[in-house]
Amino acid sequence: MIPCVTLPLCRTIKWSVNCHRKAYHLLPRLYSKTVIGSSFLPLDQLVRGRREEAQRSLLVEVAGLASALALHQVCSQYGSVHKMFHYTVNSGNNNKEMILVEFKESSSLDQALQFACSQSVKNIIPAHSPLVWLAAGKSSNETTNAHITQDLLELVTPNIKYSKEELQQQIFQCNDISEQIQKVYDGQKLTELGWRLRFLTCRQIEVALSGLFPRATVLPFGSSVNSFGNFNCDLDMILELSGIGAQDNTQRLVFQAKKAPSSANSRLALQRRMEIISDIIDNFVPGCSQVRKILNARVPIIKYRQNLTDVDCDLTMSNRSGFYMSQMLYMYGSLDSRVCPLVFAVRRWARDRHITSPYSGRWITNFSLTLMVIFYLMNVSTPVIASLQSLNINSGPDEEEIESDRFIFPKSLEKVAASENKDSLETLLRGFFEFYDQFNFRERGLSIVTGNSFIKPEHNALYIQNPLERVLNVSRNVTLEEVERFRAELTHARYLLEGSTPDVDAERNEPWGALCLWDESTTGIANHRILEASPNYSIDWKEVFHTEDAKGQASSVHEKNASSFKLKSARSNREYKNFTKQTFNENGILGRGMELKNASELKGLVTKLKQKTSQKGNNGRRSKYNFKGKYK
240 MIPCVTLPLC
250 RTIKWSVNCH
260 RKAYHLLPRL
270 YSKTVIGSSF
280 LPLDQLVRGR
290 REEAQRSLLV
300 EVAGLASALA
310 LHQVCSQYGS
320 VHKMFHYTVN
330 SGNNNKEMIL
340 VEFKESSSLD
350 QALQFACSQS
360 VKNIIPAHSP
370 LVWLAAGKSS
380 NETTNAHITQ
390 DLLELVTPNI
400 KYSKEELQQQ
410 IFQCNDISEQ
420 IQKVYDGQKL
430 TELGWRLRFL
440 TCRQIEVALS
450 GLFPRATVLP
460 FGSSVNSFGN
470 FNCDLDMILE
480 LSGIGAQDNT
490 QRLVFQAKKA
500 PSSANSRLAL
510 QRRMEIISDI
520 IDNFVPGCSQ
530 VRKILNARVP
540 IIKYRQNLTD
550 VDCDLTMSNR
560 SGFYMSQMLY
570 MYGSLDSRVC
580 PLVFAVRRWA
590 RDRHITSPYS
600 GRWITNFSLT
610 LMVIFYLMNV
620 STPVIASLQS
630 LNINSGPDEE
640 EIESDRFIFP
650 KSLEKVAASE
660 NKDSLETLLR
670 GFFEFYDQFN
680 FRERGLSIVT
690 GNSFIKPEHN
700 ALYIQNPLER
710 VLNVSRNVTL
720 EEVERFRAEL
730 THARYLLEGS
740 TPDVDAERNE
750 PWGALCLWDE
760 STTGIANHRI
770 LEASPNYSID
780 WKEVFHTEDA
790 KGQASSVHEK
800 NASSFKLKSA
810 RSNREYKNFT
820 KQTFNENGIL
830 GRGMELKNAS
840 ELKGLVTKLK
850 QKTSQKGNNG
860 RRSKYNFKGK
870 YK
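To convert, count from 1 in the sequence shown and add 239; that's my numbering.
Derived from the structure by calculation, the hints contain no laboratory data. As the structure is a computational prediction, the values presented were derived from the model and not from experiment. Don't be surprised by glycine CBs; every beta carbon is placed ideally from N, CA and C. Incorrect hints may have been included.
Have a look at the derived ranges for each label pair, beta carbon to beta carbon [to be verified]:
{"id": "1", "residue 1": "THR689", "residue 2": "ASN333", "range": "28 to 34 angstroms"}
{"id": "2", "residue 1": "ARG287", "residue 2": "SER330", "range": "54 to 60 angstroms"}
{"id": "3", "residue 1": "LEU719", "residue 2": "GLN490", "range": "21 to 27 angstroms"}
{"id": "4", "residue 1": "SER330", "residue 2": "TYR598", "range": "33 to 39 angstroms"}
{"id": "5", "residue 1": "LEU719", "residue 2": "GLU291", "range": "23 to 29 angstroms"}
{"id": "6", "residue 1": "PHE494", "residue 2": "GLY376", "range": "44 to 50 angstroms"}
{"id": "7", "residue 1": "ASP283", "residue 2": "ASN679", "range": "48 to 54 angstroms"}
Straight line, CA to CA, 25 angstroms or less: simulated DSS-like cross-link-like pairs of lysine-lysine [as the list claims (entries may be wrong)]:
{"id": "8", "residue 1": "LYS361", "residue 2": "LYS322"}
{"id": "9", "residue 1": "LYS428", "residue 2": "LYS542"}
{"id": "10", "residue 1": "LYS428", "residue 2": "LYS335"}
{"id": "11", "residue 1": "LYS322", "residue 2": "LYS343"}
{"id": "12", "residue 1": "LYS661", "residue 2": "LYS428"}
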């Protein structure tokens, strides 16, 4: 529910005179105007420019914003300062004030780091990185009359432009659903500082490994660069020890190197290298914490958190397919100005309705959902964007291209004509729900390569063709249960949008438009599949399972669960799964489809268990129990 909002006087006057608001898509705004053509900057050039910014940047921990003047004076001793950004990292009770300094020349940063010193404290590892802190003034030459212009010190936070309440109020006061969608996109997309901090995080790993691997390159991919990332998205990185591009093999001098001890097994060798790198990050790289090695996954990764840049990181090696996929999504986000806002709206709806999850599992991912939005935009009556094959055809033989293993991306989009589709964001959002509500997921798969559906080659609940590895299904993990839930939520979303009346609901201070789809009351739940029982609510399993039969003896089947068991709201997902498996499945009571969302459902389950156990004691036989979302 939306808190009571004091509506502007002008809107109240509009309602009193019964003046209808003009539709947002009829306002002087060209949705079909794209950024393609001469203004399009390919992703490889964007990454190159951001990497150069990171190579000139210094991240400094300061006592507060008042230290900006002293920091500017200190940095000016080594070269000209181009920009400064200030932000705060929330780390419990000890918030850290940080300032990102960008020099005009990379040599200025090198000189600053050359004269920097390490702490003279025991048990401190003297790491050398572009992450430093500003000590108290020790020089008498420091003056307090330094001047910083407003454009030099930009008070930009790494997270969001508006607070949650401010953004919610602005969405509530929009004219229609199209404006709501655009407002959410503008308020939650990745900020300029967010871009810089992510590339500086990549740069820190390069510096840490530069002693042995001076050409080591860390490239970001995923939401951080594909134009669909929000303010708090994770940072996915690819580490390449040999750098980008081919080396000059004509040189006579060649570095000596060691052969991998397990060269026969390339995967094992990769796991050994990543294990060593994870130890380096965990023990020597400043600001890195919560380092976890997930090396047995299909793509081995190292997960950690960079506390000083406030970013959660996933590091992998030798997997350029992720970067190519980001390149493709970035291209589609640049084809039309409505693509990114629409993807934001659908992703937020899926998150708030628990269709997606931050944890890996059987549910739809944000990547699959993005491909579904792109496929839908290819299949509207007047297509908004073209298929991959069409873009490949439009790229001429003389045009410079970026080649991946499976597809050739056009370097320039000047030959791609702007879409003739003039639909508003509201129309496209309604069309998305209607399109997939009627889609035959049971028999058909999706392909953005051709822009058409096809008969599924495998019996997967959801089939979305991998654009680069076309024999693979990017949604192979999704179960039939999740597809049915997705279909049900699509129907529900259509119902909510049809029943929303902007003027009436806004006058009553009730959610209207897209706010009916975005349920803020549930966004704080990390995973709705984790049991949310009340911390004060306990179950006496002896009372449940030890109901005596007709002879007054306890049922031997349930004697294993004689001890009482107390559920807590902070139970982890793994503990919850073990609990359901040991307590229910071993006794043949519940199936794998069981899900408990809150304490009321738990109480209802206990009541059902008591009834079934009582029936068993009276009848002297085991009652049949089938659970598929309902009790029978």
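The hints, checked one at a time:
no.: 1; hint: THR689 <-> ASN333: 28 to 34 angstroms; verdict: violated (54 angstroms)
no.: 2; hint: ARG287 <-> SER330: 54 to 60 angstroms; verdict: violated (33 angstroms)
no.: 3; hint: LEU719 <-> GLN490: 21 to 27 angstroms; verdict: violated (58 angstroms)
no.: 4; hint: SER330 <-> TYR598: 33 to 39 angstroms; verdict: violated (23 angstroms)
no.: 5; hint: LEU719 <-> GLU291: 23 to 29 angstroms; verdict: violated (49 angstroms)
no.: 6; hint: PHE494 <-> GLY376: 44 to 50 angstroms; verdict: holds (45 angstroms)
no.: 7; hint: ASP283 <-> ASN679: 48 to 54 angstroms; verdict: violated (38 angstroms)
no.: 8; hint: LYS361 <-> LYS322; verdict: violated (35 angstroms)
no.: 9; hint: LYS428 <-> LYS542; verdict: holds (23 angstroms)
no.: 10; hint: LYS428 <-> LYS335; verdict: holds (23 angstroms)
no.: 11; hint: LYS322 <-> LYS343; verdict: holds (8 angstroms)
no.: 12; hint: LYS661 <-> LYS428; verdict: holds (24 angstroms)
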